[in-house]
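Given next are the chains, with one letter for each unit.
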Amino acid sequence: MRNIFKTSYVQDIRLFEHAGHYFWYGLLLIAVFAAPQIIPQFFVGEMSLVFVYAIAGIGLMLLTGYTGLASLGHAAFLGVGAYAHNYFVTKLGIPFPFALVMAGFVSAAVGIAFALPALRMTGIYLAIATLAFAVILDQVFSHWGSVTGGFRGVPVARPNLFGWPMATETHFYYLCLVVLILVTLGARNILRSATGRAMMAIRDSEISAQSMGIHIARTKVTAFGLSTFITGIAGGLLAHKLQFVSPEAFSIILSIQLLLMIVVGGLGSLHGCFYGAVIVAFLPQFLALMKDVLPPSIGQIPGLQGGVFGLILVLFILLEPYGIYGRWRKIRLFFEVFPLYRRATFKRQRGYLKTERMR
Amino acid sequence: MEVLQLLIGGVAQGCVYGLIALGFVLIYKATEQVNFAQGDILMLGAYVALTLMVEARALGWDVHLAFWIALPLTMVIMGGFGYLLDRTVLRPIIGQPQFAVVILTIAMGFVFRAAAGAIWSTESQTLATPFTGKKVTLGGAVLGAESLAIIAGTVILAAVLYAFFRFTRIGVAMQAASQNQLAAYYMGIPVKVIFSLIWGISAAVAAAAGVLLAPIATIDPEMGFIGLKAFAAAVIGGFGSLPGALIAGLMLGTIEPFAAAYGTRAGLPKGVPEVSAYILMLVVLIVRPQGLFAQVYRKKV
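Those sequence lines, one after another, are chains A and B.
Numbering follows our numbering, in which position 263 of the first sequence is assigned residue number 263; successive positions increment by one, without gaps.
Numbering follows our numbering, in which position 45 of the second sequence is assigned residue number 45; successive positions increment by one, without gaps.
In short, the hints are calculated from the structure, not lab data.
Certain hints may be false.
Claimed, not checked - Partner residues aside, some chain B positions facing chain A, computed with beta carbon under 7 Å: (1) Ile103; (2) Val111; (3) Gly117; (4) Trp120; (5) Met281; (6) Ile286.
Stated by the list, open to error - Estimated spans, in silico, between C-beta atoms of each pair: (7) A:Asp292 with B:Arg265: 50 to 58 Å; (8) B:Trp61 with A:Ile331: 56 to 64 Å; (9) A:Gln41 with B:Pro92: 39 to 47 Å; (10) B:Leu138 with A:Leu318: 45 to 53 Å; (11) B:Gly188 with A:Val293: 34 to 42 Å; (12) A:Ser251 with B:Gln179: 37 to 45 Å; (13) B:Gln179 with A:Phe42: 52 to 60 Å; (14) A:Gln243 with B:Trp68: 34 to 42 Å; (15) B:Tyr185 with A:Gly26: 33 to 41 Å; (16) B:Trp61 with A:Pro284: 39 to 47 Å; (17) A:Thr345 with B:Phe164: 43 to 51 Å; (18) A:Gln243 with B:Ile156: 48 to 56 Å.
Claimed, not checked - Quick look at which bits of chain B chain A covers, simulated, 3 or more residues with Cβ under 8 Å: (19) 86-97; (20) 151-159; (21) 226-237.
Note that the Cβ used here is the ideal one computed from N, Cα and C, for glycine as well.
Generate the whole structure from the sequences, applying the supplied hints.
Put into structure tokens, the structure is as follows:
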């Protein structure tokens, strides 16, 4: 077991805690950069979907996992990003990287415009408001034909990086990978800055955060803006991945999938976004494969995918509320302290119902 | 007369919203859990009723007899289902953040939908009740008997629930448990059992709403999405107030058909009538976050 003896504040917020992290993350980096040369083309395409989901997951994680504001309508911001990006690229002819960032800003603007009045609400009310907002945005997508193509949707061309068309899946893979790395580093840096720590303080206790001098409303709006910005960027990439944007791609089902991603991965950890993204991206493929193996009475159920997603979510909340990342930490600790592991180490502190009726 | 027809249809739809919202509020008031699967429990209730009706008709029973046996039986079955749901799935996560319950119930909804699709197929089906297709002429307006049945059913259910909470021992115990769990527990009220009972009642009310709704809609696994609109009603009503939920449900139900009928003439953009419920909810949430008929207590630090 490695005990890090921290002697300074700077040490506490270092990007990598110890030399081992450099090694393992370096190895991971080499692996993902080398992967397209090794794995089949089909999986390269699937991996880029994982990356896009992971970016969106980081966006939602900042809001839900780190600031404690639940959003049941994040797919709508993904949609805003997708439509805005496509509009900028095809109608206005803006180069790809700028269009992507601008799509992020449009999404953030919509998010902040929603957050400013909505942040008077807390807890469950906010979650419901995001849901309602997503339903309303869905109608906007369907009826604002000049920008969104209405119900029928619009086709999206392959990305074109300053005249260099990214024709193959491998090109797109690297594009998503680079954006994902930038977003991850950005999110990691935000989280160790004053803003990020203020966000976590608000998540843990709003009252104590306030008494420490944190401007609650401003921090929450910042979190909303950052979250929707990142989600918007993911939306732009998703548009290219799907090669087609239409309103039903950004329905409540996708919002739930995003939530599932961060809950199953592990709320309150950036690692969790990645684990969750892998599950959400690969589960449909896995189910499609299982359809041939399972007896038709089970394999042919319509809505099987939704049901399996739901079941996984139920089981995780009941049995492992900290998600895959939490389970991994437990396993690691078990081996680190081998004969001395105690179940109670990770036990939840609060065993009683914390009322939210009092405000 | 068009207005009267729209009004009755809207009130009937509103009654269904109100009944589902009632289920939300019952659970929230007592246990502070938000049950997003309420709409899907309604869907299951409708399917159970459908199955019972089909079985009863196969026995050669008359449609009236079949319906009046199937309705209470469905409520009992779904009540038991709600009780067991709380006992097995929700009780273990008491004490976890409220958000966990929200995700859990949403996920349960997905599971229910898939299960319903597997058991009863995803094709739309219709439930034949004694009211189906009957018309009542009232002052020149032709009204569907289904709509009137929904209104009557809601009034009866609301009255029964009112009497239950007001006059029975267990109803008063439920009120006590919802006001202060700890104090109720000290007074010897079995709070956990009460919670499960509340879930049972809520599921039974949803099932009744499902049976009442079935004649004016079709039964399919997706019909639970009506729960989202009922949710809007519960929020507008203040989420802690039973009459508020009913009134807000009626309000939404009546606004919708009028928005659809006169919305475009009044110059509303396309798509607004479909989301009028949500727009209203957002406005209420922003202007009066605690809802129109709220009971909010302030914590003193």
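Right, here's what the structure says about each hint:
1. Interface restraint check for B:Ile103: the shortest CB-CB distance to chain A comes to about 6 Å, inside 7 Å, so the restraint holds.
2. Interface hint status for B:Val111: upheld, as the beta-carbon distance to the closest one in chain A is roughly 4 Å, under 7 Å.
3. Below 7 Å, beta-carbon pairs count as interface contacts, and B:Gly117 has one with chain A at about 5 Å; its hint therefore holds.
4. Here the hint on B:Trp120 is broken, as its CB sits about 11 Å from the closest CB of chain A, past 7 Å.
5. Because the smallest distance between the Cβ of B:Met281 and any Cβ of chain A comes to about 5 Å, under 7 Å, the interface hint for this residue holds.
6. The beta carbon of B:Ile286 is positioned within 7 Å of a beta carbon in chain A (closest approach about 4 Å), and the interface hint is therefore held.
7. For A:Asp292 paired with B:Arg265, a C-beta distance near 54 Å keeps the hint of 50 to 58 Å intact.
8. Range check, B:Trp61 to A:Ile331: about 59 Å between beta-carbon atoms, so the 56 to 64 Å window is met.
9. Between A:Gln41 and B:Pro92 the C-beta distance comes to about 45 Å, which sits within the given range of 39 to 47 Å.
10. The hinted window of 45 to 53 Å between B:Leu138 and A:Leu318 holds, with their beta carbons roughly 52 Å apart.
11. Separated by about 55 Å at the C-beta atoms, B:Gly188 and A:Val293 break the suggested range of 34 to 42 Å.
12. Roughly 39 Å separates the CB atoms of A:Ser251 and B:Gln179, a value that falls within the hinted 37 to 45 Å.
13. For the pair B:Gln179 and A:Phe42, the supplied restraint of 52 to 60 Å holds, since their beta-carbon distance comes to about 59 Å.
14. With their beta carbons about 56 Å apart, A:Gln243 and B:Trp68 fall outside the hinted range of 34 to 42 Å.
15. Look at B:Tyr185 against A:Gly26: about 56 Å separates their beta carbons, and that is not inside 33 to 41 Å.
16. With their beta carbons about 45 Å apart, B:Trp61 and A:Pro284 fall inside the hinted range of 39 to 47 Å.
17. The hint said 43 to 51 Å for the Cβ distance between A:Thr345 and B:Phe164, and at roughly 46 Å that hint holds.
18. About 55 Å separates the C-beta atoms of A:Gln243 and B:Ile156, a value consistent with the hinted range of 48 to 56 Å.
19. Figure legend: the stretch 86-97 of chain B, annotated as covered by chain A; annotation consistent (7 residues with Cβ-Cβ distances under 8 Å, at least 3 required).
20. With 0 residues having a Cβ less than 8 Å from any Cβ of chain A, the stretch 151-159 of chain B misses the three-residue criterion, and the hint is violated.
21. Counting residues of the stretch 226-237 of chain B whose C-beta sits closer than 8 Å to any C-beta of chain A gives 4, which meets the bar of three, so the coverage hint holds.
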